[in-house]
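Participant: Kindly generate the complete structure, drawing on both the sequences and the hints.
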Amino acid sequence: MPYFLPNRGPGRLIVVEGIDGSGKSTQIALLSQWLRLRGYAVAFSEWNSSPLVKETTRRGKKKEMFTPTSFSLIHATDFADRMERYILPLLKAGAVVCADRYAYTAFARDVVRGVDRAWVRNLYRFALKPDLAFYFKVPLETALGRILGGRNALKYYEAGMDLGLSRNIEESFRIFQGRILAEYEAMIEEMGFHVIDATKSIESQQKEMRRIVLREFGTVRAPGVLGVDLNAARLHA
Amino acid sequence: MPDYKARPPLSYYRTALPGVDYSELQGKLIVIEGPDAVGRSTQIRGLKPWLEELGHAVLDTGMARSALAGKGIKEAKQGNTLGPVTMTMYYLTDFADRLENEIIPALRAGVVVLTDRYIYSVMARAIARGENRSWMEQTAGFALVPHATFYLRAEVQHLVSRVVVGRGAFDYWESGLDNGFGRNMYDSFVRYQSRLIRVFDSLAEPYGFETIDATRPPVEVFESLKTSVSRIFDAPDKPRIVPPRKSPQRSHPAPTLRTGSSRRE
Chain A
1 MPYFLPNRGP GRLIVVEGID GSGKSTQIAL LSQWLRLRGY AVAFSEWNSS
51 PLVKETTRRG KKKEMFTPTS FSLIHATDFA DRMERYILPL LKAGAVVCAD
101 RYAYTAFARD VVRGVDRAWV RNLYRFALKP DLAFYFKVPL ETALGRILGG
151 RNALKYYEAG MDLGLSRNIE ESFRIFQGRI LAEYEAMIEE MGFHVIDATK
201 SIESQQKEMR RIVLREFGTV RAPGVLGVDL NAARLHA
Chain B
1001 MPDYKARPPL SYYRTALPGV DYSELQGKLI VIEGPDAVGR STQIRGLKPW
1051 LEELGHAVLD TGMARSALAG KGIKEAKQGN TLGPVTMTMY YLTDFADRLE
1101 NEIIPALRAG VVVLTDRYIY SVMARAIARG ENRSWMEQTA GFALVPHATF
1151 YLRAEVQHLV SRVVVGRGAF DYWESGLDNG FGRNMYDSFV RYQSRLIRVF
1201 DSLAEPYGFE TIDATRPPVE VFESLKTSVS RIFDAPDKPR IVPPRKSPQR
1251 SHPAPTLRTG SSRRE
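Protein chains in written order, with my numbering: chain A, 1 to 237; chain B, 1001 to 1265.
In short, the hints are calculated from the structure, not lab data.
Mixed in with the good hints, there may be bad ones.
[Unchecked claim] The list that follows gives simulated cross-link-like pairs (lysine-lysine, DSBU-like), each with its CA atoms no further than 35 Å apart: (1) A:Lys63 <-> B:Lys1071; (2) B:Lys1077 <-> A:Lys61; (3) A:Lys207 <-> A:Lys155; (4) A:Lys61 <-> B:Lys1074; (5) A:Lys155 <-> B:Lys1071; (6) A:Lys137 <-> A:Lys92.
Facilitator: Here you go:
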């Protein structure tokens, strides 16, 4: 059984994945900007950003009432809303949709929370298969250094405190991120991720991403939305 | 008619919930299912005091009533942009919250849980809107297998008259207008509810529903339900069943048709 539905285009779906502090958000922002400048119609969608579930998520987090299953399901609700209202129609309209995190985040994170692996993979079967999925590979300590150095307060669920891994929030975060990292690493081949070495400079990571996008998509001549016959297009920038 | 005594202890359909010890669940899980306006909540209002009079502690729960997602679902339904998959996911979130934070703790404490709708309604609504059945069955597979599911069944014309008499107007979602089943609310209601009934019918056998003819007067439906519910409890513990009294002051009134609009999901 395939994990996702095929994207019948004409738009293209690019997603970035990786643990917190891997630098993926910086990279997808740069890539979106670059694609826009090249004339593509670009849309952006971020994990856990649907206004429809915002209040419910806030309530659940504030009162710490989430179980692994309800936590997984509220994120799937958020994702479904973005998929139905935003991502799918824009892809049909020929946009390039860039997503900061995708179903793979749930596959990694929810499994670490104890949710059944096959169940959560089945849950997201309504999702469209990305045309490109970048994985930002980074050693745990590097990512932790970026996060723990730069921000003051870790949040309860973000640090995996609900798992009771440690009473120290920073220690809990370390263990939690380490386990998520292991889930991601195990998915690389299965999901066909394009692996980006996230220890390299921001510039060289971006260069590598752009190279892959050009190779996979070709280039577009006319500004605006993508045509139906993208694969056949041999166009020049 | 299912043999309730042959049912194994409570377990899940397909996927275990993390952190739940199923052998601890001592109570009974009783589900009342059926399409919109078939009279489920009327029956539950009668069953709860009846069970309590027999000495059972009863938790009465129902769809979209969770502390977590109940309000969010209500708000989402005020708009017109709730897609079918999103709706299904939201209802499952609500269900998971009630299952883990209300139903399971109650069962652990030996309480009888009486639920107005269950995953079957979530599944039926999704399937009636064209979602894949096996996807739904796997997704909802963390639900507990109830001790009994009573499927209140009626044809769509019966539902129509209940809506018109009882509520005076058709509801946007009950009419499936989000999916454009018809050109007006009546046509859409009839088409959507007919489809829902067919889906419920198709779930009846695989999920062991006991079908109750809900076209009869509510008092008769109530009598059938009481007879069937009694069989769920083991014979030695079986409390004396109080015959329904005719006095209007009875402590556990037989349900009557409601005309108010205070209905819940």
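Participant: For each hint, tell me whether it holds in the structure or not.
Facilitator: Here's how the hints hold up against the structure:
With a CA separation close to 15 Å, the supplied pair Lys63 (chain A) and Lys1071 (chain B) stays within the 35 Å bound. Distance hint between Lys1077 (chain B) and Lys61 (chain A) is fulfilled; the C-alpha atoms sit about 22 Å from each other, no more than 35 Å. Distance restraint check for Lys207 (chain A) and Lys155 (chain A): the Cα-Cα separation of roughly 33 Å lies within the 35 Å cut-off, and the hinted pair is therefore satisfied. Straight-line distance between C-alpha atoms of Lys61 (chain A) and Lys1074 (chain B) comes to about 19 Å, which keeps the hinted pair within the 35 Å bound.
For the hint linking Lys155 (chain A) to Lys1071 (chain B), the alpha-carbon distance of about 24 Å falls within 35 Å, and the restraint holds. With a C-alpha separation of about 31 Å, the suggested pair Lys137 (chain A) and Lys92 (chain A) falls inside the 35 Å cut-off, and the hint holds.
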